[in-house]
Amino acid sequence: MPTLFARHISLRTILLGSVVLCLCGVLALYALFQARHLLEGPVITLISEELPYSDDPTMILTGKALNIVSLSLNGRSIYTNDSGDFKETLVLPSGYTIMTITAQDRYGRTHSLERVYVRSEQPLLTVHN
Numbered sequence: 000m001p002t003l004f005a006r007h008i009s010l011r012t013i014l015l016g017s018v019v020l021c022l023c024g025v026l027a028l029y030a031l032f033q034a035r036h037l038l039e040g041p042v043i044t045l046i047s048e049e050l051p052y053s054d055d056p057t058m059i060l061t062g063k064a065l066n067i068v069s070l071s072l073n074g075r076s077i078y079t080n081d082s083g084d085f086k087e088t089l090v091l092p093s094g095y096t097i098m099t100i101t102a103q104d105r106y107g108r109t110h111s112l113e114r115v116y117v118r119s120e121q122p123l124l125t126v127h128n
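If you read the sequence shown in numbering that gives the first Met the number 0, its first letter stands for residue 0, the second for the next number, and so on.
Just so you know, not all the hints are guaranteed correct.
[Unchecked claim] Cβ-Cβ distance ranges computed for the label pairs, FRET-style:
1) A30 with L50: 39 to 49 Å
2) L26 with D55: 50 to 60 Å
3) L10 with T109: 52 to 62 Å
4) S82 with R105: 13 to 23 Å
Calculated directly from the structure, the hints in this document are not laboratory data. Remember, it's a predicted structure, so these values are computed and weren't measured experimentally. Here a beta-carbon is modelled for each residue, glycine too, at the ideal position from N, C-alpha and C.
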């Protein structure tokens, strides 16, 4: 029989040690899987992206924010429903506008999305007869 430090190792001890090691590995993987949202940080997804050039003065911004405690649009707080969906109507001034959405999680990590929109006073598409 093989010995380790002058002790006899039985097959039962090896199997028991292997089972305990496998269970610890499975528990560690499960803990990492459950903590994936905490490790990932805040996530912002824009669902309906408008065209960057428009002659319409209003724009509806819809999206989803996950793993957050606060969400702001150009520094103003906006709110989500229980599943993280948000919908905001923006009034675009004439010219160049930068829209910034910032999300923060409970650990202080932030994620921002920035989009540029240009609004023209004249219609962008004219039809001639």
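Do the Cβ positions of S82 and R105 conform to the proposed distance bound of 13 to 23 Å? holds, 18 Å
The hint says 50 to 60 Å between L26 and D55; measuring C-beta to C-beta, is that right? holds, 55 Å
Cβ distance range 39 to 49 Å for A30 and L50, holds or violated: Cβ of A30 to Cβ of L50: about 45 Å, so the range 39 to 49 Å holds.
Falls inside 52 to 62 Å, the C-beta gap from L10 to T109? Given range 52 to 62 Å: holds, Cβ gap about 55 Å.
The structure fails none of the hints (numbered hints given earlier).
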